[in-house]
Structure formats: C-alpha cells, structure tokens
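Engineer: Single-letter residue listing:
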Amino acid sequence: MDNTLIIKGEELKKIINTSFPNVKHLITSDKDYAILDTEWVKKHAYPAFIEWIQVFGFQRKIRSSYWKTNWDCEDLSDSFKAYLRFLHAAANSHTLTERMKGDKNITNATSVSAGTMFYRNNGSKSGGHAINIFLSEDMEPAYFEPEAGVFINLNEEEEKSTWYVNF
Amino acid sequence: MVRKLLIKLFGIKTFEDYKKKCVLTPKYYKSPKEKK
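Protein sequences appear in the order of chains P and W. For the first sequence, the numbering used here gives the first residue as 1, with consecutive numbering after it. For the second sequence, the numbering used here gives the first residue as 1, with consecutive numbering after it.
Here chain W stands alone, though its shape is the one from the complex (with noise of 0.2 angstroms):
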C-alpha cells in the first residue's frame, strides 16, 4: 500500500510500468483472401 502510494506520488516508473510500454502486440497485415 505505502510502496504503491510512494510509487504514485513520484512517479516512480514499476517493472509493470515498463513492460506495459516495452512489449507490444505486434500488427500484422491481413492477407488478401481473409479481407473479403
């Protein structure tokens, strides 16, 4: 609780955090047959 309120109050950047930033869902184009 005191570590998530520490975390808020600065700006602390979490493992999470950067994670959520870092890896991504990569977006492939659809092939043509599927898009009709």
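Chain P extracted, bound-state conformation (with noise of 0.2 angstroms):
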C-alpha cells in the first residue's frame, strides 16, 4: 500500500487560488503529487542538484549567486523542479504492467509537490522573480529561494501579486 502523503490535482489548485488570489496563470498538469518532504528538499535535494548542474559548468558563483544573464530565476527554479521530477521518474520507475506482476514503486503518484512561481518583489510593479513552491506536512505553501537554497517567507504583498503558478 502507497503510504505517501498525495496531493490530487484539484485540491491542489484550491490551495493555490486561495494563498495566490490574482495568480492569472495556474497550471497543475498532473493527476496527483506526492509531497516532498522540505527539510530533505533542503538538506539533500538542493545539494545534489548543484552537484548536478556543474556538468554543464555552472560550478562557479557569480557574486555569490548561480544567477547568469542566459540562466537567471525562472531557468534556476523551473530546472530545480525538472531535477526533482527525475528524481521521482527514477526512483518510481515500475509502470502498471510491472506492478500488477507485483513489483512496486515508494508512490505511484503521477509528479511530486515541486512547483515554481513568479511574484514582484515587495509588490514592485517593474520586476518579477521566480522561485520554487512546495507544500508542507499540513499542505501550506512553502517558499523555496533555489539561488541561496533556502526556505524564504513572502510578505501579503508579495503574495498577492503572484501571477504564474506551475506544478
């Protein structure tokens, strides 16, 4: 039996709407999430996933930040969430075929609680930022800042002026 704490689709879209009232674009594209848990987002996943980009030569900070013109906010956060997503396909790998002969996966949820937003920073109405959403144990929002890899609170304002959410 999948002890996984899931998330379905529809659910997921209320609590957005609810925490984001003027999000304009809201895309939940998958069936059912299985929740991350946060502090190994944190302590593993982020980590790891640093490791990962340095294939392609993102090894060196720019000013204390892994931001580039041709790679800043929204490429770090929506590849982070891509990151993520392997890691669920492979560690989730057994299709219903496979299963049914009685192999099984940890969660046969279709993606996992990774998701990226953009929001103005302090309510500023000429620039955007991007950064990942996750929910936590009791399913509220949890703000991820994958340039510094840590959690971040978002003030009202802030929330209020997230227009792009994507799980």
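Just so you know, these hints were derived from the structure itself, not from any lab. Note that the structure is predicted; figures quoted are calculated from it, not measured. There's no promise every hint is true.
As the list claims (entries may be wrong) - Which residues of chain P face chain W? A partial, calculated answer using Cβ under 7 angstroms:
| hint | residue |
| --- | --- |
| 1 | LEU5 |
| 2 | ILE7 |
| 3 | HIS44 |
| 4 | GLU137 |
Positions of the beta carbon are idealized from the N, C-alpha and C atoms, including for glycine.
Fit the two chains together into the complex; they arrive one by one in their own frames, and the hints show the way.
Structural biologist: Structure (structure tokens):
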C-alpha cells in the first residue's frame, strides 16, 4: 500500500487559488502529487542539484549566486523542479504492468509537489522574481529560493502579487 | 586495476561518483493515516 502523503491536482488548485488570489496563470498538469519532505529538499536534494548542474559548467558562482544573464531565476527554479521530477520518476520507475506482476514503487503518484512561481519583489510593478514552491506536511505553501538553497517567507503583498504558479 | 588506482590517487571523479551524489531517492511525507 502506498503510504505517501499525496494531494490531488484539483485540491492543489484550490490551495493555490486561496493563497494567491490574483494568480493569472495556474497550471497543474498532473493527476496527483506526492508531497516531498521539505527538510529533505533543503538538506539533500538542493546540494545534489547543485552537484548535478556542475556538468554544465555552473560550478562557479557569480557574485555569490548562480545567476547568469542567460540563466537566471526562472531557469534556476524550472531546472530544480525538473531535477526533482527526474528523481521522482527514477525512484518510482515500475510501470502498471510491472506493478501487476508484484513490483512496487515507493509511490504511484504521477508527480511531486515541486512547482515554480513568479511574483513581484515587495510588490514592485517593474520586476518579477521566480522561486520554487513546495507544500508543507499540513499542505501550506512553502517558498524556496533556489539561488540560495533556503526556504523564505513572502509578505502579504508579495503573495498577492503572484501571477504565475506551475506544478 | 590501474584505472582504479589512478582514480584513487588523483581523486578523479567517475560517472559512478557523480551518479551517487546526484541520483537520490526522494523522501516524501507519510500519510497521517499510515503514521498511526
């Protein structure tokens, strides 16, 4: 039996709509999502992700961040999300046919609770910023800054300014 | 054998090292029903 904490796509949409009342683009493309342990995301997955991107020559930090003109906040958050999806798919690789023969996945959830979101820093009208969004154990949004590898808080204005969320 | 020795001596990273560091098994929260 799959004992993983899972959220259905429709329930996820409700949480996003409640948390970000002004969201214009909300994409939940999968049927259900296994909820990743946020402590594991920060302490294990993020350092491994940084190791992973070294193969592309991103080992040298620029101004103490991984930001580059052609690989900035949305690229960083999109790629961290993709990396977590790779891990999820690799760890749960048994197909339905294989499962019918007795093979078991950790979870059969079609995706993981790792998303990207765009908001305006301090409600600024000029620029936006992209970060990752996860869910806590009690299904609250948890914001992750992939440039620094830490969970952050958004103020009310920033939450209200969120216009794009993609899981 | 020689290859393994050279890798060890010069600390050369192999694909297996890289894979071990990067391909992790995700940790998920458990469903509250299962915790009881």
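Engineer: Next, verify each hint and record whether it holds.
Structural biologist: Hint check results:
Contact between LEU5(P) and chain W, as hinted, is supported at the beta carbon level, the nearest pair being about 4 angstroms apart and thus within 7 angstroms. With its C-beta approaching chain W no nearer than about 10 angstroms, ILE7(P) sits outside the 7 angstroms limit, and its interface hint is violated. A cut of 7 angstroms between beta carbons decides the hint on HIS44(P): the least distance to chain W is about 6 angstroms, and the hint holds. For the restraint placing GLU137(P) at the interface with chain W, the shortest Cβ-Cβ distance is roughly 5 angstroms, inside the 7 angstroms limit, so the hint holds.
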